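**Student:** Spelled out from the first residue to the last, the chains are:
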Amino acid sequence: MLQAYWYITKMRMLTNLAYRFEVFTSVGTNLIIMLASVFLWQTAYGGGIGNVQSLSLQDLTTYTILSIILSSMFVCDVQNTIYYKIREGQIVTDFYRPIPLLACYLADDIGGSLSSLANKALPLIVFASLFFGIPWPSFLLNFLLFIPSCLLSYGILWLLSALVGLIAFWVMELGNMGMVKDSIVRVLSGSIVPLWFFPESVQTVSKFLPFQYTYQTPLGIYIGNIGTKEALTALAVQAVWVILLFLLLAAGWKRTKKKTLIQGG
Amino acid sequence: MKETVIEVNNLVKEYMITKKESGLRGSLKSLLFPKKTIVNGVDGISFSIGKGEIVGYIGPNGAGKSTTIKMLTGILHPTSGSIKVCGISPQADRKSVVRKLGVVFGQRTQLYWDLRLGESFELLRRIYQIDMTAYEETLAILRDVLKLDEFMDTPVRQLSLGQRMRGDLAAAMLHAPSVLFLDEPTIGLDADAKHAIRNFIKEINRTRGVTVILTTHDLDDVEQLCNRLVVVNHGKIVEDGPIDTIIHKLAPYRLLVVELKQPCEDLVHPAATIIKQDGLKIWYQFEKKRIFAAELISDLSQKLPIQDLSVKEPDIEDAIREVYKTTSAV
Ligand SMILES: Nc1ncnc2c1ncn2[C@@H]1O[C@H](COP(=O)(O)OP(=O)(O)OP(=O)(O)O)[C@@H](O)[C@H]1O
Ligand SMILES: [Mg+2]
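Those protein sequences? They're chains D and F, same order as listed.
Last residue of the first sequence: number 265 in our numbering, and the count goes up by one each step with no gaps.
Last residue of the second sequence: number 1330 in our numbering, and the count goes up by one each step with no gaps.
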């Protein structure tokens, strides 16, 4: 069985690496967003808002660059895969194979992430370093904590995406709810503007939501805004979210299978 | 009595349909207060199928054929009724049932769009955990019968419809299933491709004893392949039996086509009905039981100047048309 998943991952990597044009456009647009965001921060700091919460301009630049690199690597297509497969009735072909289909979609997305690491993240790092200098982590230890934090982030993001995907099994009329979820995640994860800049109330509420643990946590660890002890706690919170969302997905999936909407003859 | 492979009892599938109203106001209204109606896709079907049978499951559009197949393969859950495939319920234990099934939906492909055909097969080998020697043996046979060699290395999205269908049939047979479900396997194919696919079905039925359930709108498929027909309409079974019996029962009449030398007035015969007339050509329909062809011909030739004639036996198409006609009036 593992062999099958590995094959799916490998094939997704090979397929993606073969699509050159898509890589150019993706790297291009991400680069533009990256430049724009960094210049925005530079202007804001030049205008004299001073250091917010002891964040230097250098910290924020690093934060922004890494945020964009991470977003190009966190491939969570599962919500779209499910939506389109249900809409076109193609989902039936996944149902008559003796293998759990969500696990197949995960293997596929992991393949997408791995290929993005090679053909999107690496070029972005190179360009960013040319423009703004190499975005070093604050300490080696931070970097070592950053890696598992990223993996847990991916876990949270993927599970959220899969949960949204399940909605499509119940109501097709709502359209692709993934876009709504994506906007919420983009804002509340701190991927564009760290939540430290948000009003106190938003920060408090957001502590109890999974979103900030997807971008802000690993990035905060990387730039050293989250200390080592706090970082370990943050990792634990991330792990708890992964477990919670996993249980939720498992329960939802069990009920969803019986409901399966199949479109068309 | 042969071993039973599929046992279906009182199967019902209700679909909940939300009625959409037209216009902006209408669609807003149906979003907030959806009007639900229930449609019976399948409405109380029972049958059993023995090992090695090739069963044609036919009926007009929307009769409930695909819905039945989806329930038999564990994709859809029935509203009520029971299903046993190889003794197991596909709803209770989908994974063990699907290992024994091969499934092809003609309008869909289970092959992986981005992969080459051979890579799709390799992935299936791993999913079904087929051991290498058995796999190679099966694949060799499939390559030969379905003539896959020319496009084994072509990405699936570049295959023609006929090639893709052959690929799909092979994919469904890789794990040596004992039952094969084919939902319109010949849809949109040319004569050659249809021929190849029919041969393939006959071949695996003969050599491997595979039970085949086949839905189709192509009655040649049925005539050439199936020993048994199950006819459904409006979610119910209307006929179930050997093809010859069904034809005989549903279309017990024959047709006598007569061409006259010149127009005549008195054309009628008490034992036959004129169903069509076109210039000097007349179509008489008569029942085998009431009158023999020879009798009818001799009666008619006494009063009519006959130039030419022919007798037509009813075929499967007539029988099916009869079924569709009688039941859709309900
Ligand atoms: N997902 C669905 N939602 C609602 N109704 C459905 C759905 N799928 C099928 N139906 C309805 O159920 C009935 C049976 O459909 P089904 O697809 O089984 O027909 P079929 O016999 O396969 O027809 P065809 O020959 O056109 O393929 C039809 O009336 C159809 O409108
Ligand atoms: Mg159908």
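FYI, nobody ran anything at the bench for these hints, they're computed from the structure.
Bear in mind the structure is a predicted one, so any value in this text is a computation, not a measurement.
Idealized CB from N, CA, C, for every residue including glycine.
Please note: incorrect hints may appear among the correct ones.
[Stated by the list, open to error] Capping the alpha-carbon separation at 25 Å, the derived lysine-lysine pairs in BS3-like fashion look like this:
| id | chain 1 | residue 1 | chain 2 | residue 2 |
| --- | --- | --- | --- | --- |
| 1 | F | Lys1020 | D | Lys254 |
| 2 | D | Lys258 | F | Lys1036 |
| 3 | F | Lys1095 | D | Lys85 |
| 4 | D | Lys259 | F | Lys1035 |
| 5 | F | Lys1303 | D | Lys258 |
[As the list claims (entries may be wrong)] Only some residues are given here: those of chain D computed to face chain F with a beta carbon under 7 Å:
| id | residue |
| --- | --- |
| 6 | Ile86 |
| 7 | Arg87 |
| 8 | Phe95 |
[Unchecked claim] To list a few chain D residues with every Cβ distance to chain F over 10 Å, as calculated:
| id | residue |
| --- | --- |
| 9 | Met11 |
| 10 | Thr15 |
| 11 | Thr93 |
| 12 | Tyr96 |
| 13 | Ala118 |
| 14 | Val126 |
| 15 | Leu144 |
| 16 | Asp182 |
| 17 | Leu195 |
**Student:** Each hint needs a verdict: does it hold in this structure or not?
**Tutor:** Okay, the hints, checked on the actual structure:
1. Pair hint Lys1020 of chain F plus Lys254 of chain D does not hold up; C-alpha atoms about 30 Å apart against a cutoff of 25 Å.
2. Proximity of Lys258 of chain D to Lys1036 of chain F is assessed by CA-CA distance (about 19 Å); at most 25 Å being required, the pair is judged to hold.
3. For the hint linking Lys1095 of chain F to Lys85 of chain D, the alpha-carbon distance of about 20 Å falls within 25 Å, and the restraint holds.
4. A hinted pair counts as satisfied when its Cα atoms are at most 25 Å apart, and Lys259 of chain D with Lys1035 of chain F qualifies at roughly 19 Å.
5. With a C-alpha separation of about 69 Å, the suggested pairing of Lys1303 of chain F with Lys258 of chain D is violated against the 25 Å cut-off.
6. At a threshold of 7 Å, the smallest CB-CB gap from Ile86 of chain D to chain F is about 12 Å, leaving the interface hint violated.
7. About 13 Å separates the beta-carbon of Arg87 of chain D from the nearest beta-carbon of chain F, more than 7 Å, and the hint is not met.
8. The beta carbon of Phe95 of chain D is positioned within 7 Å of a beta carbon in chain F (closest approach about 4 Å), and the interface hint is therefore held.
9. The non-interface label for Met11 of chain D is inconsistent with chain F: the shortest C-beta to C-beta separation is roughly 6 Å, within 10 Å.
10. For Thr15 of chain D, the non-interface assignment is contradicted: its Cβ lies about 4 Å from the closest Cβ of chain F, within the 10 Å cut-off.
11. Distance check for Thr93 of chain D against chain F: the nearest CB is about 4 Å away, which does not clear 10 Å, and the non-interface claim fails.
12. The beta carbon of Tyr96 of chain D is not kept farther than 10 Å from every beta carbon of chain F, the shortest such distance being approximately 5 Å.
13. Against chain F, the non-interface label of Ala118 of chain D holds: every CB pair exceeds 10 Å, the least being about 18 Å.
14. In this structure Val126 of chain D is separated from chain F by more than 10 Å, as the shortest Cβ-Cβ distance comes to about 28 Å.
15. At roughly 35 Å, the least C-beta separation between Leu144 of chain D and chain F is larger than 10 Å, which holds for a residue marked as non-interface.
16. For Asp182 of chain D, the shortest C-beta to C-beta distance to chain F comes to about 22 Å, beyond the 10 Å cut-off, and the non-interface label holds.
17. Here Leu195 of chain D stays apart from chain F, with its beta-carbon at least about 34 Å from theirs, past the 10 Å limit.
Figure legend: structure checked against the earlier numbered hints; hints not met, in rising order: 1, 5, 6, 7, 9, 10, 11, 12.
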